[in-house]
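Which chain is which? The protein sequence lines are P and X, in order.
Residue 1 is where the first sequence starts when you use full-length UniProt numbering, and the numbers rise one by one after that.
Residue 1 is where the second sequence starts when you use full-length UniProt numbering, and the numbers rise one by one after that.
It should be emphasised that the hints constitute simulated quantities derived from the structure, not laboratory data.
Remember, predicted model here, so these are calculated numbers, not experimental data.
Keep in mind that the hints are not guaranteed to be accurate.
Copies of the same chain are indistinguishable here, so a pair counts whether it falls within one copy or spans any two.
[As the list claims (entries may be wrong)] The calculated lysine to any residue pairs, modelled on SDA-like cross-linking and capped at a C-alpha distance of 25 Å, are:
#, residue 1, residue 2
1, 51, 169
2, 43, 58
3, 51, 130
4, 21, 34
5, 21, 111
6, 51, 185
7, 10, 167
8, 51, 28
9, 51, 137
10, 51, 29
11, 43, 100
12, 21, 187
13, 43, 20
Next come the chains, spelled out residue by residue.
There are 2 protein chains.
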Amino acid sequence: MEARGRNTDKTRRMVLDAAAKVVGTQGAGASVDTIARHAGVSKGGVLHHFKSRDQMLLALAEDLIEQFRAAVHAAIDPHDNAPGRLVRGYVNATFDELVSGDGNSEFAVLVATLFSVPGVDELLRQDSRRWADAFDADGLHPQRARLIMHAADGASIAGLYGGGDLASLEQSRQLLLALSRQDGPLIAP
Amino acid sequence: MEARGRNTDKTRRMVLDAAAKVVGTQGAGASVDTIARHAGVSKGGVLHHFKSRDQMLLALAEDLIEQFRAAVHAAIDPHDNAPGRLVRGYVNATFDELVSGDGNSEFAVLVATLFSVPGVDELLRQDSRRWADAFDADGLHPQRARLIMHAADGASIAGLYGGGDLASLEQSRQLLLALSRQDGPLIAP
């Protein structure tokens, strides 16, 4: 049973990785057939795991959300115990992915395609609430934390289609990190 | 000739409006046939104007970019002559569209679909450079102007999928407007 569980997890992982690759290059036209072929799994095997193409894409969206969450936590400096450490992890994880530049346009197509999958909007709303709660617990003034998160998100869209060069991306990162090391509202209410 | 020019412009406008509607509801699966039917134009007529489906979608992306540019300029307060007036127009145009809430999810699908059309990335890069130049001429410290623009863009993604409620969108708008009424770098370099 344990071996079977491991194989199931491994198949699931292979299908999600193949789906990310195929959807990132082919967009909404990516078929279950092509994804199955890339994963080295039968179409029936894919559908056994995910029931339908939309369910597979929904699982992929969930997986990407979790991967980003893990990247943020991995980017937190373990010696950083000041308020805003999670905000700094969020900023660094966002910009690390952008400046690596690897597969940015594939990632843009992938995200754009997943955006129109039924249920993904609800996943994003839940994720947005989870980040808001986590930032509240991070100790920085909420107005400041929200501004930094929105600015990191906005810079990352520009970065995805190559709208910002590396130097200006790096400037944006440093500005957001510096803003997270001060505290209080940016404007008195 | 003049009448013919007007008819040509009118047909083009009808096709682009129909394309925005159909792509916003059907995503990448939207066919030229369906768009032509919605526009009340023959498929041949659509292809006469735009040569190919991709050319039509590229023209639609260009049209949306121009519409947003026009909305920003329309949102500038004519009595506002202080540095940052264009930044304030950008912020207000962005949030006006979001809080109207009308067709946000259609708009999200439309933008996501256009993102993967060949040539749209280059349009966005050009647009990004035009905004950067326009903000430079707007008189606010460039670091401040860029942060406000990125934060407005980031808030607008959250708003598109309903990640921010109306009250928090309005708070974000007021914060960004207030930041544009002060000047200088947000953090000393």
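Original post:
Are the CA atoms of residue 51 and residue 185 at most 25 Å apart within a copy, between copies, both, or neither?
Top reply: neither (48 Å within a copy, 53 Å between copies)
Original post:
Given identical chains, is residue 21 near residue 187, meaning Cα to Cα at most 25 Å, within a copy, between copies, both, or neither?
Top reply: neither (44 Å within a copy, 40 Å between copies)
**OP:** Classify it for me, residue 21 with residue 111: is the Cα-Cα distance of at most 25 Å met within a copy, between copies, both or neither?
**Re:** Answer is both; intra-copy 12 Å and inter-copy 21 Å each pass.
**OP:** Can you give me the call for residue 21 and residue 34, within, between, both or neither, at a CA distance of at most 25 Å?
**Re:** Within one copy only: 11 Å inside a chain, 30 Å across chains, cut-off 25 Å.
**OP:** Please work out whether the CA atoms of residue 51 and residue 169 approach to 25 Å or closer within one copy, between two copies, in both situations, or in neither?
**Re:** Neither: 41 Å inside a chain and 37 Å across chains, both beyond 25 Å.
Original post:
Are the CA atoms of residue 51 and residue 28 at most 25 Å apart within a copy, between copies, both, or neither?
Top reply: both (18 Å within a copy, 22 Å between copies)
Subject >> Alpha-carbon proximity context of residue 43 and residue 58, limit 25 Å >> reply: So residue 43 and residue 58 pass the 25 Å test inside one copy only (17 Å; across, 34 Å).
Original post:
With identical chains treated as interchangeable, where does the CA-CA distance between residue 51 and residue 137 reach 25 Å or less: within a copy, between copies, both, or neither?
Top reply: neither (38 Å within a copy, 55 Å between copies)
**OP:** With 25 Å as the alpha-carbon cut-off, assign the pair residue 43 and residue 20 to within, between, both or neither.
**Re:** within (16 Å within a copy, 34 Å between copies)
**OP:** Have a look at residue 10 and residue 167 and pick one of within, between, both or neither, based on CA distance no larger than 25 Å.
**Re:** Classified as neither; 39 Å inside a copy, 44 Å across copies.
Original post:
Can you tell me if residue 43 and residue 100 fall within 25 Å by alpha carbon in one copy, between copies, both or neither?
Top reply: For residue 43 and residue 100, the Cα distance exceeds 25 Å both inside one copy (33 Å) and across copies (43 Å).
**OP:** Can you give me the call for residue 51 and residue 29, within, between, both or neither, at a CA distance of at most 25 Å?
**Re:** both (19 Å within a copy, 21 Å between copies)
Of the numbered hints stated above, those contradicted by the structure are hints 1, 3, 6, 7, 9, 11, 12, listed in ascending order.
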